[in-house]
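Hey, can you work out the whole structure from these sequences and the hints?
If you're matching them up, the sequences are chains A and B in order. Under numbering that gives the first Met the number 0, the residue at position 332 of the first sequence is numbered 331, and the numbers go up by one with no gaps. Under numbering that gives the first Met the number 0, the residue at position 115 of the second sequence is numbered 114, and the numbers go up by one with no gaps.
Incorrect hints may appear among the rest.
Said to hold, decoys possible - Footprint (simulated), chain A over chain B, 3 or more residues, beta carbon under 8 angstroms:
1. 130–140
2. 163–172
3. 184–197
Rather than coming from a laboratory, the hints here were simulated on the basis of the structure. Being a predicted model, the structure only gives us computed values, none of them experimental. Heads up, the beta-carbon is just placed ideally off N, CA and C, and yes, glycines get one too.
2 protein chains.
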Amino acid sequence: MKKVMVNNGGCFKPMNSTSMAISPSSPKSNCRKRILLFVCCGLITIISFGQQALGQRPRVKSPVLNADGTVTFNFFDPTAQRVTVTGDFREISGQTLQMVKQENGVWTATTNTLNPELYSYSFSVDGQRIIDPSNSYVNRDISTLSNIFIVTKEKDDKGHLYQVNDVPHGTLSRVWYDSPTLGQQRRMTVYLPAAYDGKKRFPVMYLLHGHGGDETAWGDLGRASQIMDNLIAEGKCVPMIVVMPNGNPTCNAAPGWWHEGMYTPDGNAFNNRGAKATMEESFMDIVNFVDDNYKTIRKRSARAVTGLSMGGGHTFGISYLYPEVFDYYGLQSAAARVKRNDVQFDAQMARLFESKPRLYWIAIGKDDFLMQMNNELRGYLDGHNYLYEYYENDGGHIWRNWRIYLAMFAQKIFKD
Amino acid sequence: MKKVMVNNGGCFKPMNSTSMAISPSSPKSNCRKRILLFVCCGLITIISFGQQALGQRPRVKSPVLNADGTVTFNFFDPTAQRVTVTGDFREISGQTLQMVKQENGVWTATTNTLNPELYSYSFSVDGQRIIDPSNSYVNRDISTLSNIFIVTKEKDDKGHLYQVNDVPHGTLSRVWYDSPTLGQQRRMTVYLPAAYDGKKRFPVMYLLHGHGGDETAWGDLGRASQIMDNLIAEGKCVPMIVVMPNGNPTCNAAPGWWHEGMYTPDGNAFNNRGAKATMEESFMDIVNFVDDNYKTIRKRSARAVTGLSMGGGHTFGISYLYPEVFDYYGLQSAAARVKRNDVQFDAQMARLFESKPRLYWIAIGKDDFLMQMNNELRGYLDGHNYLYEYYENDGGHIWRNWRIYLAMFAQKIFKD
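Right under this line is the structure:
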């Protein structure tokens with residue numbers, strides 16, 4: 000029986016710490032307890048919403064997904080002069096939607112009917128970009144947070160594919176591995192399908208992010224675990240392990256998740272200066288770790304690699320460095336540069352296509368700023384009669400396309 | 000060779016999608032490539048920071064951790080009339096710090112010297128609460144986002160304990176399990192220590208959140224994986240598995256992570272109405288799953304359970320329901336209500352303490368609103384001469400205390 004008193008540096012109730020206690024329920028609850036619980040709940044309400052109650056602050060719900068397929072944004076700010084909302088629900092990038100102030104101080108705006116999709120948005124309040132305080136669902140892209148919402152209409156649409164449905168769910172893990180080539184402990188994200196039981200073996204898709212991204216990008220912005228859960232549940236793709244490594248050789252992990260501290264990532268965070276090797280050169284460290292630590296099918300026909308933008312470039316490099324390791328390649332909006340007048344490169348590419356990969360897939364949007372680079376790559380492949388598949392759709396260098404490409408690629412692999 | 004064209008619903012470049020491509024590096028880089036890369040980087044800069052450049056927007060860094068232990072907040076808003084910052088760095092809860100506008104439109108304020116700690120804060124701009132747009136590090140508490148930063152001075156302080164250091168890191172997984180008692184697939188968070196290799200067996204700490212929380216709370220607000228990584232690396236606690244389940248019987252997972260969609264959690268999201276059983280009644284589903292799927296030491300002396308607030312109440316209930324299963328109990332700011340004049344409860348409590356648990360630990364802050372309930376519990380235990388340890392410190396019902404309690408409890412268990 001000891002009583003220890005320490006000074007923990009002050010006694011604060013943070014304004015946003017609304018975690019409250021309720022009594023543990025009991026099968027034999029009685030009236031007195033119910034009253035106590037009621038009082039307790041009332042207290043919680045007062046504490047939690049005290050600020051709102053005092054200022055007659057209306058309870059704001061935003062965004063509201065309306066039955067007609069439109070979406071309404073709401074934002075309470077009686078003193079603001081001008082409030083707009085912008086995001087990828089607009090038909091033209093950067094176009095804003097003017098919000099209109101109601102008598103109760105709530106600004107509101109409603110979109111046109113939106114197609115099924117995962118959308119992101121933010122508000123501008125008198126010129127200041129802010130995220131919607133009524134929506135705690137956010138994605139981080141490099142160092143910028145944006146709110147998200149999903150529109151879905153029917154079971155076969157993109158919104159349904161990107162949302163969490165009542166299906167078996169895989170495990171999503173942040174895993175540290177040793178990279179001898181880079182001389183680092185590094186973090187990756189690993190998706191294990193719901194059927195993974197530590198006994199049966201599964202094929203592996205390596206899924207690579209773009210410049211500015213990290214090992215969280217495909218899971219958050221790319222909705223990878225939702226897409227995989229849903230495709231597997233619908234029988235549209237084979238249950239597989241998905242490995243999402245960090246593609247920045249000078250970062251051990253996503254910002255805030257390694258010993259560099261809570262820095263603000265910008266372009267300088269992602270240069271390769273001082274790295275012991277490139278992502279491609281160190282890639283077999285990842286494959287070896289995965290084969291050593293998970294129940295994988297350890298053969299070429301059970302390994303795929305795909306990535307977006309810089310990660311598409313990595314996929315390209317990996318394809319001609321390790322053709323014996325992977326059988327399926329997906330270059331998404333790829334920063335994949337053909338090496339001109341390079342005998343070693345030509346020989347590597349010849350070896351790759353002589354090995355007859357089961358899929359060499361190039362996907363890009365019409366308006367992608369890397370279209371010219373991809374045209375050059377295709378010209379090179381065509382010139383050598385190297386077999387590949389090409390997919391071109393609308394849009395540019397955006398996550399909306401990469402989610403589409405992931406879902407398409409996942410359905411193409413490990414089926415024969 | 001096939002070319003497929005689809006309409007993916009528009010061609011947008013979302014304002015915040017700043018993911019850019021760079022060419023994959025090559026050991027044989029030449030001058031032409033460097034120029035191209037330079038042009039490319041320039042383009043990235045222009046696109047990424049285009050808005051800032053056009054409006055002569057100054058580059059704002061916030062928060063700035065100064066060498067003297069103070070912290071400076073900065074916020075650009077030339078048109079705002081009044082900007083303040085508040086958070087748990089203030090000595091009095093809810094107290095704000097006035098920010099002062101500079102000529103360049105940047106509002107700024109500097110704190111007093113701060114003790115080592117994880118702090119959270121937000122801005123108020125003309126009465127509107129917003130998070131700091133220069134700081135992408137946020138925690139969610141129920142449905143409210145707040146920015147965070149960590150102050151650390153030396154190796155032994157709390158800031159150092161809560162930050163990510165250059166030590167071996169455990170694996171953090173979001174895992175779905177079957178709960179036959181609740182009739183649900185449910186999600187839990189599992190921390191595996193860095194030494195976990197699938198062969199050696201480890202003891203397990205079950206770590207339970209409070210009302211309004213979920214299976215992400217201890218990892219995010221509680222910094223559990225950082226605390227465990229650091230304590231284990233320093234040899235201050237035994238390597239162990241930490242299981243953080245979801246304690247809300249009517250929620251399968253955290254908001255947005257189950258098929259209820261992206262709802263805004265409030266008090267109603269966490270009532271137990273319609274649940275097939277309570278958390279305590281269904282708890283052995285969790286223990287059985289963990290023992291079946293991880294390399295655990297399957298005996299009482301290798302199992303601990305601890306929780307905060309509602310989770311402290313769960314710990315209390317679990318202690319008298321399953322005394323044969325757990326040897327270490329930690330009640331943190333616990334909603335642990337003694338059942339008066341209840342013969343069954345008295346018998347359960349007698350059985351619990353006859354089983355001589357190695358640790359029955361009660362921790363609470365002086366200003367905690369559950370102090371009276373804890374006093375009653377201690378009175379009951381004292382009245383029956385049941386052995387327990389008591390720890391009381393400053394402060395109330397706040398995460399700052401729960402992080403302290405976790406670190407203390409982790410160092411007390413599995414050592415004999």
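Here is what the structure says about each hint:
1. Coverage of the segment 130–140 of chain B by chain A holds in this model, with 9 residues showing a Cβ closer than 8 angstroms to a Cβ of that chain against a need of three.
2. Counting residues of the segment 163–172 of chain B whose CB lies closer than 8 angstroms to any CB of chain A gives 9, which reaches the minimum of 3, so the coverage claim holds.
3. With 4 residues having a beta carbon nearer than 8 angstroms to a beta carbon of chain A, the segment 184–197 of chain B meets the requirement of three or more and the stated coverage holds.
Comparing the model with each numbered hint stated earlier shows that all of them hold.
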